[in-house]
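The primary structure of each chain is shown beneath.
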Amino acid sequence: MTTYDLEPLFLTFKLSFITSVILIFLGLPMAYWLAFSKKKYKIAIEALVSMPIVLPPSVLGFYLLAAFSPAGAFGGFLDDVFNLKLVFTFEGLIVASVIYSFPFMVQPIQAGFQNLPISLREASFTLGKSAMTTLFKALVPNIKPSLLAGFILSFAHTIGEFGVVLMIGGSMKGETKVASIAIYEEVEALNYGAANFYSAILFFAAFVILILVYAANKKWVKPLN
Amino acid sequence: MIDINIRKTMHTADGEIDLKPELQVQENALLALFGKSGAGKTTILRILAGLETPEAGYIKINGQIWFDSEKKINLTPRFRKVGFVFQDFALFPNMTVRENIEYAAADKKTEAEYIDGMLDFMGLKKLADRRPHQLSGGQKQRTALARAVALKPKILLLDEPMSLLDDEIKESLQNEILEIHRKYNITTILVSHDVSEVFSMAETVCILEDGIIKRQGTPFEVFSGKEENINGKLKITGKLLNLNKKGNAYKAEILAGGQIFTKTISAKEAKEYRAKKNVVLLIDIKDINTIKQLS
Numbered sequence: 002m003t004t005y006d007l008e009p010l011f012l013t014f015k016l017s018f019i020t021s022v023i024l025i026f027l028g029l030p031m032a033y034w035l036a037f038s039k040k041k042y043k044i045a046i047e048a049l050v051s052m053p054i055v056l057p058p059s060v061l062g063f064y065l066l067a068a069f070s071p072a073g074a075f076g077g078f079l080d081d082v083f084n085l086k087l088v089f090t091f092e093g094l095i096v097a098s099v100i101y102s103f104p105f106m107v108q109p110i111q112a113g114f115q116n117l118p119i120s121l122r123e124a125s126f127t128l129g130k131s132a133m134t135t136l137f138k139a140l141v142p143n144i145k146p147s148l149l150a151g152f153i154l155s156f157a158h159t160i161g162e163f164g165v166v167l168m169i170g171g172s173m174k175g176e177t178k179v180a181s182i183a184i185y186e187e188v189e190a191l192n193y194g195a196a197n198f199y200s201a202i203l204f205f206a207a208f209v210i211l212i213l214v215y216a217a218n219k220k221w222v223k224p225l226n
Numbered sequence: 011m012i013d014i015n016i017r018k019t020m021h022t023a024d025g026e027i028d029l030k031p032e033l034q035v036q037e038n039a040l041l042a043l044f045g046k047s048g049a050g051k052t053t054i055l056r057i058l059a060g061l062e063t064p065e066a067g068y069i070k071i072n073g074q075i076w077f078d079s080e081k082k083i084n085l086t087p088r089f090r091k092v093g094f095v096f097q098d099f100a101l102f103p104n105m106t107v108r109e110n111i112e113y114a115a116a117d118k119k120t121e122a123e124y125i126d127g128m129l130d131f132m133g134l135k136k137l138a139d140r141r142p143h144q145l146s147g148g149q150k151q152r153t154a155l156a157r158a159v160a161l162k163p164k165i166l167l168l169d170e171p172m173s174l175l176d177d178e179i180k181e182s183l184q185n186e187i188l189e190i191h192r193k194y195n196i197t198t199i200l201v202s203h204d205v206s207e208v209f210s211m212a213e214t215v216c217i218l219e220d221g222i223i224k225r226q227g228t229p230f231e232v233f234s235g236k237e238e239n240i241n242g243k244l245k246i247t248g249k250l251l252n253l254n255k256k257g258n259a260y261k262a263e264i265l266a267g268g269q270i271f272t273k274t275i276s277a278k279e280a281k282e283y284r285a286k287k288n289v290v291l292l293i294d295i296k297d298i299n300t301i302k303q304l305s
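First to last, the protein sequences are chains A and B. Counting from 2, one number per residue, gives the positions in the first sequence under the numbering used here. Counting from 11, one number per residue, gives the positions in the second sequence under the numbering used here.
For the record, the hints were derived by calculation from the structure and aren't laboratory data. Computed from a prediction, not measured in an experiment: that's the story for all the values here. Hints are supplied without guarantee of correctness; some may be wrong.
The calculated SDA-like cross-link candidates involving lysine to any residue, where the alpha carbons are at most 20 Å apart (straight line), are [claimed, not checked]: (1) A/K130 / B/G73; (2) A/K138 / B/K164; (3) B/K164 / A/E123; (4) A/K39 / B/T86; (5) A/K15 / A/A157; (6) A/K40 / B/A115.
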């Protein structure tokens with residue numbers, strides 16, 4: 002029996018997990034701000050956050066490549082000061098994935114906040130609580146399904162990344178060669194068996210993940226008030 | 011003493027209304043804000059709580075400035091210590107009845123006894139571990155009320171607290187609000203569009219119309235002999251204080267909303283009155299002058 006290299010799959014799941022964990026911490030405050038801020042420029046920020054949904058991944062990848070390149074100002078700065086290289090590295094993939102999957106974390110959480118009765122937040126304020134206490138004690142526990150949806154969607158979306166990874170990660174074995182890239186390369190090399198192996202695993206993983214989301218939502222969503 | 015003089019433009023379905031109430035409320039009073047829906051009653055409560063900001067004016071509570079547009083002072087809701095009972099109750103779905111009330115307390119450990127007392131007083135002891143979705147409307151309202159009082163607020167604001175409840179629960183809740191008001195000595199402002207509720211509960215009532223306070227006084231002063239465009243029966247709930255025999259009839263003295271009303275009743279009615287904890291006076295609003303007011 003042919004043995005296949007499991008490293009691309011491992012890299013894919015590692016990248017997705019790290020990206021989703023980072024996104025929870027970044028997405029929650031952004032979603033809260035988008036849900037409740039009355040600032041006029043909010044609409045511009047909202048549009049910017051959602052850009053990765055409509056932009057071709059190659060466009061995003063191109064600009065990230067330009068920004069991260071050690072020859073450029075920002076990339077050079079990161080390299081000189083922090084010795085951090087973001088082009089063709091796993092770290093670079095994480096940063097790119099966080100940007101690329103940002104709206105998939107923010108949007109479900111934002112919708113979760115907006116679906117709560119506005120009076121919950123106001124009641125917490127009148128009861129003498131800070132915005133931070135209100136967020137974590139009175140609001141977040143009531144939008145658990147949205148948090149789960151955000152996490153899973155970001156995870157799944159990162160698994161499906163191709164264009165961005167190709168642009169800034171290339172296909173460095175053990176570093177940036179994730180499953181979606183491996184599939185592409187195996188097909189190019191006419192190794193359909195290997196391509197099928199990676200594809201089938203991603204297919205079933207995606208299926209199981211979505212089953213879990215729907216099951217958890219059914220169990221967790223309880224009537225409010 | 012609450013001293014309000016504010017201005018705010020409200021955007022309603024019927025166009026813009028200039029809300030500019032001028033209002034003084036004595037300490038420990040129970041005042042009702044009465045008016046049609048859309049008159050700005052709820053907005054006044056929200057402005058008092060700091061949930062909405064007026065365009066101009068001031069709000070002073072016992073000499074402390076909460077809002078002053080000229081001095082650019084605007085205390086956030088957090089620091090106003092206002093017990094606000096929302097129309098939709100606003101109970102936190104993730105917390106039990108007890109946890110909802112504890113959330114309002116400054117320190118749930120040192121105030122455990124106080125919270126226990128509150129649960130007992132509000133008849134919520136057996137429901138303490140239930141979540142809001144397992145409660146009836148009246149139970150939710152009691153929890154919301156207990157939570158607002160657990161804050162030990164300077165003012166208690168009730169936004170149409172009975173509007174979602176049926177008549178029977180309404181009467182017992184009216185009683186509980188009055189008892190809380192007396193027991194904890196909290197200045198209370200109640201928003202209502204129900205004349206019966208106003209008569210049964212309020213010492214003072216302000217009529218809000220087109221954004222301004224048209225009249226202010228006891229419910230009797232405000233509603234009797236005035237063209238208020240209110241029709242139908244008035245149902246005043248109060249406590250029977252005295253029953254004096256006068257020939258074949260009886261003279262009943264009933265305490266409602268801080269005032270004593272007298273009404274001449276038959277012997278049969280007198281018997282019924284004696285048997286009840288709360289007396290319900292049912293009168294036609296047009297005949298309000300047939301009831302004498304003593305205080």
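Hint check results:
1. A/K130 / B/G73: Violated: A/K130 and B/G73 sit about 24 Å apart, past 20 Å.
2. A/K138 / B/K164: Status violated; Cα separation ~24 Å.
3. B/K164 / A/E123: holds (18 Å)
4. A/K39 / B/T86: Within the cut-off at roughly 16 Å; holds.
5. A/K15 / A/A157: holds (12 Å)
6. A/K40 / B/A115: The given pair, whose Cα atoms are some 32 Å apart, is violated under the 20 Å limit.
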